[in-house]
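Q: Chains as they are written, first to last, in numbering that gives the first Met the number 0: chain P, 0 to 342; chain E, 0 to 342; chain H, 0 to 342; chain A, 0 to 342.
It should be emphasised that the hints constitute simulated quantities derived from the structure, not laboratory data.
On a predicted model such as this, the values are computed, not experimentally measured, just so you know.
Ideal Cβ positions, reconstructed from N, Cα and C, are used throughout, including at glycine.
Hints are not guaranteed to be accurate.
Taking lysine to aspartate or glutamate pairs in the EDC-like style, the calculated list, with each CA pair at most 16 angstroms apart, reads [as the list claims (entries may be wrong)]:
id, chain 1, residue 1, chain 2, residue 2
1, H, LYS20, A, ASP324
2, E, LYS20, P, GLU47
3, A, LYS20, H, ASP324
4, E, LYS20, P, ASP103
5, H, LYS20, A, GLU10
6, A, LYS20, H, GLU10
7, P, LYS20, E, GLU10
8, P, LYS20, E, ASP310
Okay, the calculated bits of chain E under chain P, using three or more residues with CB under 8 angstroms as the criterion [unchecked claim]:
id, segment
9, 167 to 179
10, 220 to 231
There are 4 protein chains.
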Amino acid sequence: MSDNCAGAAPEVLTAMIAAQKGRDRSYGHDAVTARAVEVIRQLFEAPEAEVFFVATGTAANALALATICPPWGSVYAARSAHLDVDECGAPGFFTGGATLRLLDHADGLVDPGTLDRALTGGRAGDVHAVQPAALSIAQISELGAAYSPAEVAALSAVAHWAGLRVHMDGARFANAVAYLGCTPADASWRAGVDVLSLGATKNGGLGAEAVIFFDPQLARDFGYRRKRGGHLLSKTRVVSAQIEAMFGDGLWLRLAARANATATRLAEGLAALPEVAVLNRVDGNMVFARFGRTVDAAMRAAGVRYSARPDGDGMVRARLVTAFDTTVEDVDAALRAARAGGA
Amino acid sequence: MSDNCAGAAPEVLTAMIAAQKGRDRSYGHDAVTARAVEVIRQLFEAPEAEVFFVATGTAANALALATICPPWGSVYAARSAHLDVDECGAPGFFTGGATLRLLDHADGLVDPGTLDRALTGGRAGDVHAVQPAALSIAQISELGAAYSPAEVAALSAVAHWAGLRVHMDGARFANAVAYLGCTPADASWRAGVDVLSLGATKNGGLGAEAVIFFDPQLARDFGYRRKRGGHLLSKTRVVSAQIEAMFGDGLWLRLAARANATATRLAEGLAALPEVAVLNRVDGNMVFARFGRTVDAAMRAAGVRYSARPDGDGMVRARLVTAFDTTVEDVDAALRAARAGGA
Amino acid sequence: MSDNCAGAAPEVLTAMIAAQKGRDRSYGHDAVTARAVEVIRQLFEAPEAEVFFVATGTAANALALATICPPWGSVYAARSAHLDVDECGAPGFFTGGATLRLLDHADGLVDPGTLDRALTGGRAGDVHAVQPAALSIAQISELGAAYSPAEVAALSAVAHWAGLRVHMDGARFANAVAYLGCTPADASWRAGVDVLSLGATKNGGLGAEAVIFFDPQLARDFGYRRKRGGHLLSKTRVVSAQIEAMFGDGLWLRLAARANATATRLAEGLAALPEVAVLNRVDGNMVFARFGRTVDAAMRAAGVRYSARPDGDGMVRARLVTAFDTTVEDVDAALRAARAGGA
Amino acid sequence: MSDNCAGAAPEVLTAMIAAQKGRDRSYGHDAVTARAVEVIRQLFEAPEAEVFFVATGTAANALALATICPPWGSVYAARSAHLDVDECGAPGFFTGGATLRLLDHADGLVDPGTLDRALTGGRAGDVHAVQPAALSIAQISELGAAYSPAEVAALSAVAHWAGLRVHMDGARFANAVAYLGCTPADASWRAGVDVLSLGATKNGGLGAEAVIFFDPQLARDFGYRRKRGGHLLSKTRVVSAQIEAMFGDGLWLRLAARANATATRLAEGLAALPEVAVLNRVDGNMVFARFGRTVDAAMRAAGVRYSARPDGDGMVRARLVTAFDTTVEDVDAALRAARAGGA
């Protein structure tokens, strides 16, 4: 029950199988890649955007940040950011030692006032201090909440005013857009995002992420950084095919909407149980909940899989994630087990 | 006509399709990955070996070198090494700024005497000098020749005597073993290789390389480096499945033997033409040849694709590479075109 | 009125002048350096210690940390740490991108309980997480307070239990020892410190800091790192002479005691003024105070120099630092000015 | 008998002693530093130049290169370059892993044709290849020869045409200018040099080097890099005073001329001995000579110090370096010893 544990959506798999047939140029000079780039540009109404594909989200994030933050720069992010918590220091590696500045947050969402206060007295030009260079926000956040376009715009305004570039970690961008019902452009560059890491892997891909520079000037070094980081696949078309299948005809939104719907159903069902507290805003496909050990045991016995840690008082704190292929039956079975465990 | 321009071998594709079905743990804790690791250990008769999978050869090489060479170290390699010529400085990036020391060579093969002379006066312990830390050899070499096990052993002896670790860039290790007719163990650890980057991508995979540490002590940091470099795929089983299919039942050797055979046929055919000079020992699947512009034009008109550069005297110098799925008919068509162009 | 704005103590200057006379070997192979190393070993009762000299505190700290923290490691430090606030990301640069983990603190002093909680759930061996590798504490702290040897020992116990190495940023170690009245050994290795950056510059040197590894095994790479960082001076004896003069006969303690005494006098005088609040424990030579703009203006008019920032309510928050050569008359003149400004 | 083994010129020492008196702002915001910057600008007829001071030549070179060469860039230099041979990989460290491309040379001098051939086929824009970014030449070279301004201009023309910046390692720039008799501007920016590392240490300073950016645009990041590298001294005036004393009134040229003259005398004297071969053009203060073991023993017995290595045939190959304070008597004593040893 985690979006990384699922396989591929059938449409994505079919596209990969088709793409690898025959001969084509290597290292991204192939026809599939060219088409996939156009798909992204059209979807985002951004004909000038520079678009690159890599196989992992960590690579997408860290390469994007390295492009907009010098070694002596700092990147502001929520204290919950995947960048800091789960990438083994990848941003430090790719940037050449830049600094993450972690911000307090609610639901994993950075608040413009918090950012503004953090940037005040930022010591611009003072060689003793690292220089604020970027804001990185996760959409949806690590705690399952989505920023509205207006919230992103407010953050971008603060960031840009202080000379920072705005990066969006969109590993679950699809879930956010499915929830928000806005256009991809509204959720990204129209709200001030300069660089977007756009995920496909968690949403039914096998290993495909796009890095989109809405200002092509920013992308100048990216090709060298990607190659040098070992992230330019010789048979790039295998990655590009996933992107084309996913974003070419709305599959990404259909899959994300499905995952969101099952997560909502799960959250509502859990919240209705007296023994379970749902801890977060469930805007996307992640549910954070707290419950006792018998509930935990019953759900695990029923084959529900999730990460959890003891809370020190006999309760556990769990993260349950639905995937594109989670079914209503899966959810209802989990809820039945939870109910039985709580009884 | 390059091994990176081909797609997947059918067996590899089938395995990938099967592997991605259903749920399994992410980040390499899945069942396919566990099996693929065992496949490699058995194939190499190395039950203690630590085995890691990544999606690109550059990642495999650079991560392997970073593990055995400190930032103030140096890596000895042939002047033709892919490491130096075609990875945009990846070893410098992953090692934190180590130095490549390039050696003259014949056919891309480092000579033990050359290495020995280069290491003499290596200034061990002198803090002003970078410290020799590793030898990296390509098997088969960038110029298409294979080291015999005895030659590798002689190089390893020189390297080990001077305290260096031996890395083998085995992007085309399959072609070498198919040519040599020895066991994988004889071609690697029994000949002194400490770390092997074992390629599957060029040989019918879509993006799968193994890094094999025959001495598990050396591998201690690798997991951190791989994650931090963005090379730990969440759905690792997609990569592992390629490895398992390729190395589990001899497919790798059958495919490589086929590519070698077509390359040999091509080389012999070209060498028989008065207008063409074959420039290298064709031990594997690469043919280097020199011919005039009419030959070049005729072959290109016939749809043969290869990289070439003008030699300054009206001739071109070409690199022709056969793949696992190159056919005898492909080769004969190319030869007919060359013959016609030369006439 | 900052310890970096003073010149050299006369004894230090005399030693430098003497040391540079005549010919001697370069790059630290000279007689003065050999003697200075012995002076440090004897002073710290640590005959096995490895001792290195550099010209800046940033180099001393960052090189020391790079030696004990891998690129994928993390260094725990107080949120006030010079490492984070005032070195432009030097630890990130020298370590190859390690992470600073900042801890809340009182008076700049890390609390063992805070450290312990931060290390709980440290995810040792989890490749997704940076690995806790070091604790770095400033003695005296950036906020002017000293750790007792028992407090350092308590911190070291927590750190060592979790597998961390303990680094002490001793830019003002002299002020701490002068305050504590203990031996240098008691304040460092006997309390668990593994590596000490020992400052001389702020205390009457011109540019001299020692890095002391009490466990010589840890120092193995330091020489390469120092050279590679450009911190091995060809005429090292100029630095070593400062160390020898400072630490050879107790000068360091006499100078630090003098600076501490004038700081105490200043703090007591300011605290007696109703318009001034002294904000910190004045264990060393730094006084943090809050006062109104008229006090500020009067002190500046009297030639007192210090750094200050507006507090948003008409008050300023100032850091006043005494140096080895600050006199009682200097202090009394400052107090008279403050009193007049407050009236 | 090496320029790094000498102490300070009396004028330099006097200036340092004067500079450290009293209070002044730290970290280069002091009056001495401001004056020293102006001294350099006037001397080089470059009022717009950005000028920075550091304490070591390795820092000056590596920081300068990091400013003009990205991590994926390459720096062309003579195979004899100090950068490659004697800095423990400092350029790799400061640039974040850039590549040195070593060129064959005569007397340590790069030839424009050699550079041009090396740059041909430089694969600009090809992400697989490191991108040529800089040329670094040593004036005078590691083998004791000086480039004429015309030679520098020819090299710069080739480099600039290919988009490279030109760095000059001027650790012995004074010796070169004393030999050439041209102006500092003619030897540097008028001949196309973009960045100059200007040495004072070897020529009678104690630890003072300037980095001069003739195009101030190039210098934008330097301040951050210097601080982050630990090379911004808190009491910068101690370094600046050496620069002011050295370059303010022609001292640098007088000292270098003296060293050159004694080197010439030594070379002529040695060349006149049948047992000794002088191996290099002695344009500056370095003499490379080959002689037998008895000559070697006699010179060492007479107290002459130099580095030497056995040549494998009973002869030694020695590097003899004169300093600003080497006297005619020193030289003549060395020659007498050599003559006696040869007899």
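Q: State for each hint whether it applies.
A: Hints and how they fare:
no.: 1; hint: H/LYS20 to A/ASP324; result: 11 angstroms, holds
no.: 2; hint: E/LYS20 to P/GLU47; result: 37 angstroms, violated
no.: 3; hint: A/LYS20 to H/ASP324; result: 11 angstroms, holds
no.: 4; hint: E/LYS20 to P/ASP103; result: 39 angstroms, violated
no.: 5; hint: H/LYS20 to A/GLU10; result: 13 angstroms, holds
no.: 6; hint: A/LYS20 to H/GLU10; result: 13 angstroms, holds
no.: 7; hint: P/LYS20 to E/GLU10; result: 13 angstroms, holds
no.: 8; hint: P/LYS20 to E/ASP310; result: 34 angstroms, violated
no.: 9; hint: 167 to 179; result: violated (count 0)
no.: 10; hint: 220 to 231; result: holds (count 7)
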